[in-house]
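Use these hints to put chains H and D onto chain P, whose structure you have.
Note that the protein sequences, when read in sequence, are chains P, H and D.
Following our numbering, the numbering of the first sequence begins with 1 at its first residue and continues without gaps.
Following our numbering, the numbering of the second sequence begins with 1 at its first residue and continues without gaps.
Following our numbering, the numbering of the third sequence begins with 1 at its first residue and continues without gaps.
None of these hints come from the bench; they were simulated from the model.
In this text, a Cβ means the ideal position worked out from N, Cα and C, and glycines have one as well.
Just to be clear, a hint being listed does not mean it is correct.
[Unchecked claim] Subject to a maximum C-alpha distance of 27 angstroms in a straight line, what follows is the list of computed DSSO-like cross-link-like pairs (lysine-lysine): (1) P:K470 - D:K56; (2) D:K206 - D:K356; (3) P:K470 - D:K356; (4) D:K108 - D:K292.
[Stated by the list, open to error] A few chain D residues facing chain H, derived, Cβ under 10 angstroms: (5) N228; (6) K243; (7) T244; (8) N301.
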Amino acid sequence: MRTVGNVDELPNEIDVAIIGAGPAGLAAAAAVRPGRTVVLFDENPEPGGQIYRGITSSTPLLQEMLGPDYRRGKELVADFAAADVAYAPRATVWMVSADRELAVSIAGRSRLVTARHVILATGALERPFPIPGWTLPGVMTCGGLQGTLKNAGLVPDGNFVIAGTGPLLWLLAYQLMAAGAKPKAILDTTQTMFRAEVLKSAAPFLASPYLRKGRMLMREVRKAVPVISGVTELVAHGTSGLEAISYRKGRGEMQRIEADSLFLHQGVIPNVNMANALGCEMIWDETQLCWKPKTDAWGRTSIADISIVGDGAGIGGAEVAAASGAMAGLDVSGRLGLISDGERDRLAAAHRDQINLYGKGRRFLDMAFQPHPSFLLPADETLACRCEEVTAGQIRATLRDLGDVGPNQVKSYLRCGMGPCQGRMCGPTVAAIIAAERGLSPEQVGYFRLRFPIKPTTVAEIATMPFEEKDLRAVVRG
Amino acid sequence: MFRRIEVNDRTAVGVVIDGMPFQGQAGDTVAAVLLAAGKRMFRRSAVAGEPRGPFCMMGVCFECLVEIDGVPNRQGCLIPVTEGMRIVTGGRQTEARQ
Amino acid sequence: MSDRIFDFAILGGGLTGASLGWALAKMGLSVAVLDGSDTGYRASRGNFALVWLQSKGLNMPSYVNWTRKSVEAWRGFADDLQNETGIDITLEQDGGYHVALSETELEKLVSIGRRVNAQPGVNSYEFEVLDGDEIRRRLPGAGPSIVGGTYSRYDGHVNALRFFRALHEALRAAGVSFMPRHGVDRIAHDGGGFKLHTRGTQSLVKAQKIILAAGLDNARLAPMVGLNAPVRPQPGNILVTEKTGRFLHAPVQTVRQTDEGSIMIGDSQEETGYAEGVNLGIASVMADRAVKMFPAIANLNIVRMWACLRVIGPDGFPIYDQSETHPGAFLATCHSGVTLAAAHARFLAPAMAAGKLPEDVGAFTARRFHVS
Numbered sequence: 001m002r003t004v005g006n007v008d009e010l011p012n013e014i015d016v017a018i019i020g021a022g023p024a025g026l027a028a029a030a031a032v033r034p035g036r037t038v039v040l041f042d043e044n045p046e047p048g049g050q051i052y053r054g055i056t057s058s059t060p061l062l063q064e065m066l067g068p069d070y071r072r073g074k075e076l077v078a079d080f081a082a083a084d085v086a087y088a089p090r091a092t093v094w095m096v097s098a099d100r101e102l103a104v105s106i107a108g109r110s111r112l113v114t115a116r117h118v119i120l121a122t123g124a125l126e127r128p129f130p131i132p133g134w135t136l137p138g139v140m141t142c143g144g145l146q147g148t149l150k151n152a153g154l155v156p157d158g159n160f161v162i163a164g165t166g167p168l169l170w171l172l173a174y175q176l177m178a179a180g181a182k183p184k185a186i187l188d189t190t191q192t193m194f195r196a197e198v199l200k201s202a203a204p205f206l207a208s209p210y211l212r213k214g215r216m217l218m219r220e221v222r223k224a225v226p227v228i229s230g231v232t233e234l235v236a237h238g239t240s241g242l243e244a245i246s247y248r249k250g251r252g253e254m255q256r257i258e259a260d261s262l263f264l265h266q267g268v269i270p271n272v273n274m275a276n277a278l279g280c281e282m283i284w285d286e287t288q289l290c291w292k293p294k295t296d297a298w299g300r301t302s303i304a305d306i307s308i309v310g311d312g313a314g315i316g317g318a319e320v321a322a323a324s325g326a327m328a329g330l331d332v333s334g335r336l337g338l339i340s341d342g343e344r345d346r347l348a349a350a351h352r353d354q355i356n357l358y359g360k361g362r363r364f365l366d367m368a369f370q371p372h373p374s375f376l377l378p379a380d381e382t383l384a385c386r387c388e389e390v391t392a393g394q395i396r397a398t399l400r401d402l403g404d405v406g407p408n409q410v411k412s413y414l415r416c417g418m419g420p421c422q423g424r425m426c427g428p429t430v431a432a433i434i435a436a437e438r439g440l441s442p443e444q445v446g447y448f449r450l451r452f453p454i455k456p457t458t459v460a461e462i463a464t465m466p467f468e469e470k471d472l473r474a475v476v477r478g
Numbered sequence: 001m002f003r004r005i006e007v008n009d010r011t012a013v014g015v016v017i018d019g020m021p022f023q024g025q026a027g028d029t030v031a032a033v034l035l036a037a038g039k040r041m042f043r044r045s046a047v048a049g050e051p052r053g054p055f056c057m058m059g060v061c062f063e064c065l066v067e068i069d070g071v072p073n074r075q076g077c078l079i080p081v082t083e084g085m086r087i088v089t090g091g092r093q094t095e096a097r098q
Numbered sequence: 001m002s003d004r005i006f007d008f009a010i011l012g013g014g015l016t017g018a019s020l021g022w023a024l025a026k027m028g029l030s031v032a033v034l035d036g037s038d039t040g041y042r043a044s045r046g047n048f049a050l051v052w053l054q055s056k057g058l059n060m061p062s063y064v065n066w067t068r069k070s071v072e073a074w075r076g077f078a079d080d081l082q083n084e085t086g087i088d089i090t091l092e093q094d095g096g097y098h099v100a101l102s103e104t105e106l107e108k109l110v111s112i113g114r115r116v117n118a119q120p121g122v123n124s125y126e127f128e129v130l131d132g133d134e135i136r137r138r139l140p141g142a143g144p145s146i147v148g149g150t151y152s153r154y155d156g157h158v159n160a161l162r163f164f165r166a167l168h169e170a171l172r173a174a175g176v177s178f179m180p181r182h183g184v185d186r187i188a189h190d191g192g193g194f195k196l197h198t199r200g201t202q203s204l205v206k207a208q209k210i211i212l213a214a215g216l217d218n219a220r221l222a223p224m225v226g227l228n229a230p231v232r233p234q235p236g237n238i239l240v241t242e243k244t245g246r247f248l249h250a251p252v253q254t255v256r257q258t259d260e261g262s263i264m265i266g267d268s269q270e271e272t273g274y275a276e277g278v279n280l281g282i283a284s285v286m287a288d289r290a291v292k293m294f295p296a297i298a299n300l301n302i303v304r305m306w307a308c309l310r311v312i313g314p315d316g317f318p319i320y321d322q323s324e325t326h327p328g329a330f331l332a333t334c335h336s337g338v339t340l341a342a343a344h345a346r347f348l349a350p351a352m353a354a355g356k357l358p359e360d361v362g363a364f365t366a367r368r369f370h371v372s
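Isolated chain P (complex conformation) (with noise of 0.2 angstroms):
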């Protein structure tokens, strides 16, 4: 593996292009036989993404508190780096268009090349989670904390509260319990893991490796960590920063916890922003309640030699995104001559298996553990779009007064999803109003429809990208 600098260092023309060094994308590009160019791109300074966030320069110490799953990233690291590739870091990619050329930032400096395959593994995000409040300095993500642990060693002090629902709860406040920060209260807000159809889905997650792993965290914390269970409520409290949490049991009183810091979390969903931006065809998922791109086993999608693979093709965990990319490393491989099909399979068997393994829980995970729609669909003066400050009540309002629009007209009207972020944090909100709203699932509702940059990028960047006569005559005119 050899590191790139900038973007002169990039050729013209790349045989694949990885985007992400989450598991995914660091199992494709250790999958691709060698003998081509691969460049794997890497928005963050080392590999390993959300889950493995740190691996390449945390110490044993660290690497213990966090759990064998996290140094599970070693290897798959130590395997992309024996491999033939590239490792661009601090590299956004912020345009790949359906051809197949990239737009790729380093340094503040932008490049056009082009490349015959591209994987993303652009991974997933934490599922928007807005309550009142939830804008104040102090309130952050589960996901975000857990990074800033493995890559930085820090952990919340003073009163701190976990809230949400999944399995990273757990895991988490186990973590933090490991490095010495207990949190002053975990409020769970699961509330479908007793229905009878979750329970049906049991039987095969009581096979998986899932079960085991979770008991024995969620046992720990518990003994250690006052829970409240059934939290249908949620308010974060301050004026210049977080000062308390409220919260509601049931249909119980609202109760009131001080508090310094709230992190939450309720799941993560595709980080759908590049495929949306690129035309894949787009399936909702209804148990995961997300929408994700259309991929086969390889993890093609509907766009030719544009494959995703990973958490962004689907939620399915690090191993499962590893076992992904492996999928869409020797796919891609086979189609460039450099294996044959029956090679391609023989060595496709085990990461099948994997998969297949680890899909036996997801399905009770992802129910159980299903957000309640009171956190999808926040009250009506909860920040929707935090960019643009538009709340959830104005987009109520909007559809009441203007009509029953999509989200794309009610981008139009208030400006949410116009922001930065571009609709990453707000876009699964507004659409579950809309649905809510008008009677609809969120899969007859639609999302924002997403363009390149998909990323910001700045103008001068912009102002070297390639252009050609037509382009000038387009522009300068008369």
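What follows is chains H and D alone, placed relative to chain P:
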């Protein structure tokens, strides 16, 4: 609000936060070093000037925007600290001077 | 609603349809506005928000006059809209600039300005020719590459999306039946009026008179009522930056700063059909020019880029028509839906209510395309 646990053998990196020197660690992102320094308000929102701080720590929320070495609106969570880096918080986009 | 017969049904809820609909409703008429789907082409969502007179109307003196009427009526129109809805659409109309980055460009600007005003029948207006230093004096931050430009005091800009929303609020306040997702499949006509068969919702809307204001879809709809609307899509790319401190207080035709702080960079004219995707080469040229005009823009982040499809006829001028074979059917299409909104509301709508078109727009009939 955040404290450092002694698990890393990273070298110290000196930065300047709002004019005051602070010792961070190699590998810290700007957002992490600000949290370590006790800052939780990083900026004021563009539309209503509300206090905002880092939220996702992974480059998707655009809340951690701070001025780094004279350049405003940089995502602190994606940028590693370097020796002597000057970080300024509290800005508001609509007050940035051209 | 099924037996209701509206005085007017307007096909298209963009700036043109909504301006007309609001004005008609304020006259006491019953109005329905039928709008398309959430992901429709919608030029009204993608415009550059200019209220602009300068440099327009070469070879069409009527257009200069029609535009000038609209631009002069815009302040009153914006005030009415604010009184009706409480929404301030931030019309800033203290003049606008064209800026030239080369002597050739400057010569062309000046030439067009003079020729436009010298046309017979034109209600000519004054404009200033400025050298680079004067531009830099008037527009702080203007760059050294600027060789000169022109200025007209009639020009300005508005917050386009807030304007769009205000129009829709005004429709509601005026009792207009606004029907989203009611794209019209076909139009039937009998002695009594029109029956509009809609797609998705499969419903029927009846009206005595109709106005086709459906942008690109007018091309398909017009023949149904014996009219002709030979419009085509003309993509234009726009780049939008993050918000920043306000430094550009007057619009330049291709670079403006919104009241919210973003810089908008336009304005290309492409002949690539229904291509809504971003064109990076064009974006590059526009970005380069914008930085030459205002160097401080260089380090701002572009947060959005899109191409919007202008609705443009063969000569680039509006088409206003009234059907002879289907009395009561009107057509209104233009590509300056912001600039002409005031004229549409103030002058076009009352004439249509009286069953005719104003004299000002006689030259804009589609019959001008039938060269004998």
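Against the structure, the hints:
1. With a CA separation close to 23 angstroms, the supplied pair K470 (chain P) and K56 (chain D) stays within the 27 angstroms bound.
2. Restraint check for K206 (chain D) and K356 (chain D): the C-alpha separation of about 20 angstroms stays at or below 27 angstroms, so the hint holds.
3. Using a Cα cut-off of 27 angstroms, the hinted pair K470 (chain P) and K356 (chain D) is violated, with the two alpha carbons roughly 43 angstroms apart.
4. Distance check on the hinted pair: K108 (chain D) and K292 (chain D) sit about 19 angstroms apart at the alpha-carbon level, within 27 angstroms; holds.
5. Hint status for N228 (chain D) relative to chain H: violated, with the closest Cβ pair at about 46 angstroms, above 10 angstroms.
6. About 4 angstroms separates the beta-carbon of K243 (chain D) from the nearest beta-carbon of chain H, less than 10 angstroms, and the hint is met.
7. With a least beta-carbon distance of about 5 angstroms to chain H, the hint placing T244 (chain D) at the interface is held under the 10 angstroms criterion.
8. Because the smallest distance between the Cβ of N301 (chain D) and any Cβ of chain H comes to about 7 angstroms, under 10 angstroms, the interface hint for this residue holds.
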